[in-house]
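K.L.:
Residue numbers (the working numbering), protein chains in the order written: chain Z, 1 to 263; chain S, 1 to 323.
If you're looking for bench data, these hints aren't it; they were derived computationally from the structure. Remember, predicted model here, so these are calculated numbers, not experimental data. Using N, Cα and C, we set each Cβ at its ideal position, and we do this for glycine too. Take these hints with a grain of salt, some might be off.
Said to hold, decoys possible - Derived lysine-lysine pairs resembling DSSO-like cross-links, with alpha carbons at most 27 Å apart:
#, chain 1, residue 1, chain 2, residue 2
1, S, Lys195, Z, Lys258
2, S, Lys106, Z, Lys250
3, S, Lys195, S, Lys106
To be verified - One-sided excerpt, in silico: chain S residues whose CB lies under 8 Å from chain Z:
#, residue
4, Glu136
5, Gly138
6, Ala180
7, Val183
8, His209
9, Leu211
10, Val213
11, Glu219
12, Arg241
13, Pro255
14, Ile257
15, Leu259
16, Leu302
17, Val305
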Amino acid sequence: MTGTMTGAKLSLQDLRIAFGPRRVVDLDRLELATGEILGLAGESGSGKSITALAVLGLASTLGARVEGSVRLDDEELVGAAESRLREIRGSRISMIFQSPVSSLDPLLQVGELFERTLRLHGVRKREASERASNAFREVLLSVDLLQRYPHELSGGQAQRIAIAMALALRSEVLLADEPTSALDVTVQAEILDLLRRVREERGMSVLFISHDLAVIAELCDRVAVMQLGRIVEEGPTARVLGEPEDEYTKRLVAAVPKIGVRA
Amino acid sequence: MRASTAVEVPLLEVEDLVVEFGPVRAVDGVSFRLPAGPYGLALVGESGSGKTTIARALMRLVSAASGAIRLDGDEVVGSSRALRAYRRDVQIVFQDPTTSLDPRAKIGSTIAEPLRAHGIVPRAEVDDRIASLLAEVGLDPDMAGRYPHQLSGGQRQRVAIARALSVEPRVLVLDEPTSALDVTVQARILELIAKLRRERGLAYVLISHNLAVVERLCEETAVLYLGRIVEHGPTEPILARPAHPYTLALRSAVPEIDLAARRSRIVLPGTVPDPANPPPGCPFHPRCPYAIDRCRIEVPELRTVDGRTVACHRAEEILAGEA
Chain Z
1 MTGTMTGAKL SLQDLRIAFG PRRVVDLDRL ELATGEILGL AGESGSGKSI
51 TALAVLGLAS TLGARVEGSV RLDDEELVGA AESRLREIRG SRISMIFQSP
101 VSSLDPLLQV GELFERTLRL HGVRKREASE RASNAFREVL LSVDLLQRYP
151 HELSGGQAQR IAIAMALALR SEVLLADEPT SALDVTVQAE ILDLLRRVRE
201 ERGMSVLFIS HDLAVIAELC DRVAVMQLGR IVEEGPTARV LGEPEDEYTK
251 RLVAAVPKIG VRA
Chain S
1 MRASTAVEVP LLEVEDLVVE FGPVRAVDGV SFRLPAGPYG LALVGESGSG
51 KTTIARALMR LVSAASGAIR LDGDEVVGSS RALRAYRRDV QIVFQDPTTS
101 LDPRAKIGST IAEPLRAHGI VPRAEVDDRI ASLLAEVGLD PDMAGRYPHQ
151 LSGGQRQRVA IARALSVEPR VLVLDEPTSA LDVTVQARIL ELIAKLRRER
201 GLAYVLISHN LAVVERLCEE TAVLYLGRIV EHGPTEPILA RPAHPYTLAL
251 RSAVPEIDLA ARRSRIVLPG TVPDPANPPP GCPFHPRCPY AIDRCRIEVP
301 ELRTVDGRTV ACHRAEEILA GEA
């Protein structure tokens, strides 16, 4: 454990998430510092995605019961009013998903989507289009793509656009749920570069959810390994993946196929 | 490690295969030979490289515009009887076992169907064979009574493998067989493939974007870009010392869990060009950090360099680290 970090941007404490009688997350403590990239590693069913949805106040829309505490700076989000959560989603905490094309509205040109979303968050029309163009430049996309529909985008372009949206909204926290798992390996490498840059330049905090330990090793400062809803090991990435202490982490690390090491 | 010597007639031979979808040439003159097993040939590439189209052509699910696919030196053409025999000899395992199994059929009947259709064993022995196939892929024979939704992803992929093996195929086409699985499950499926390879002497074409998986299971690798093979030869030297800039970029983009193994990455500008409108010269030149004037004009043919074939004008310089 890194202990109590002063100035944690996001902190989860005693978070319990259950569907009916079945508890899927039982998490004692997890903190994300300002400008930090924290990996949340685990396999299917470990509870990593529902944890991210709980941060956004969306787990309950799936019928989950959420107890405990999720704090953004000093503000408690568990039990907060829906209107307040709606303000926070996007403008302070954004989320990107594995399937970037299907996470965009298929009926809207990208530019319209940006305008509508920004205006919902109280940005004036002219500023909205300026912010969209700036964000596009920041993620190295041509502003021509603002005229496109989602089906006209490649997976890599769509994921850059999703990140651009978080930038245009000036989000402080980015929840990234397997954002590169559906992408080709060279495109994945570009998105990882982009996330690193966004962290450097904007001081954004990133919770990076992935089953891929090699990707986590490349990107994350710290990693928390989840199994069946619990964090079994947490620490600096190089230490956790280089010298894992927990049996489950050891198994996960051993299972990663490596080039140049023939079994 | 040995590469295909191929003096004898290869088990499976693909020669100058071309597959077109309207104006798009998805596969553009691909050739390779698969010797008798145990042997693994990998087709590696990213979206749009044509690897899945090649798999579909091998399964006769799409027709070739030109070129030949031969099994034991015989080209499979037209007649339904030959096609039926071919489809028994060449079996495929798909990426997603959730959609490749009939959700309404119990596991036992999913495996029984090909056994009966091809008359593999007498009717009375079907149940025994199902049990032994399930055991061979590491499943409890009681699984025969279950439905796919009652199984985990890894168990379903084992069922798909058992079904493919049921007709005693000579060639297995494995299309990203572990990409949809969790990492610990993936590791066990890879072990299963290695075991089957040993015990059954399997020959397979493995389609994968995961170079580590390829290295583990295949002695030979062909790297595809925009429907063409750009580098082809024994797996180990190709991954250790790529001669084609695309292989180099692909290799460098693979994330490494071991920080010490990390290489400096080659960033490819732009995206894969529109296959309906490929660039002149080398199809890779607009993204290639080593492109020179010649690359913009002259299409590089596959030629032998340092124990492999490679389609790059500057392969020697790249291998020597002089490019």
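K.L.:
Would you settle whether the hint for S:Val305 is holds or violated, based on the nearest Cβ-Cβ distance to chain Z being less than 8 Å?
P.N.:
violated (22 Å)
K.L.:
Given S:Pro255 as an interface hint, is the shortest Cβ-Cβ distance to chain Z below 8 Å?
P.N.:
This hint holds: S:Pro255 lies near chain Z, its Cβ roughly 4 Å from the closest one there, short of 8 Å.
K.L.:
Would the stated hint for S:Arg241 survive a check requiring a Cβ distance to chain Z of less than 8 Å?
P.N.:
violated (11 Å)
K.L.:
With a cut-off of 8 Å, does the beta carbon of S:His209 approach a beta carbon of chain Z closely enough for the hint to hold?
P.N.:
holds (6 Å)
K.L.:
Given S:Ile257 as an interface hint, is the shortest Cβ-Cβ distance to chain Z below 8 Å?
P.N.:
Nearest chain Z Cβ about 4 Å off; hint holds.
K.L.:
Is the interface hint for S:Val213 satisfied, with its Cβ closer than 8 Å to some Cβ of chain Z?
P.N.:
holds (5 Å)
K.L.:
Under 8 Å, Cβ to Cβ, is where S:Glu219 needs to be relative to chain Z, so tell me if that hint holds or is violated.
P.N.:
violated (11 Å)
K.L.:
Less than 8 Å between beta-carbons is the criterion; does S:Leu302 satisfy it with respect to chain Z?
P.N.:
violated (22 Å)
K.L.:
Against chain Z, with CB atoms and a cut of 8 Å, does the hint on S:Leu211 hold up?
P.N.:
Holds, because the Cβ-Cβ distance from S:Leu211 to chain Z comes to roughly 6 Å (cut-off 8 Å).
K.L.:
Would you check whether S:Ala180 satisfies its interface hint, that is, whether its CB is within less than 8 Å of any CB in chain Z?
P.N.:
With a minimum Cβ separation of about 10 Å from chain Z (threshold 8 Å), the hint on S:Ala180 is violated.
K.L.:
Are S:Val183 and chain Z close enough, Cβ to Cβ, to be under 8 Å, as the hint says?
P.N.:
Check passed: Cβ of S:Val183 comes within 5 Å of chain Z, closer than 8 Å.
K.L.:
S:Lys195 and Z:Lys258 were given as a pair; does the straight-line alpha-carbon distance stay at or below 27 Å?
P.N.:
holds (19 Å)
Violation of the numbered hints given earlier is confined to hints 2, 4, 5, 6, 11, 12, 16, 17; the remaining hints are satisfied by the structure.
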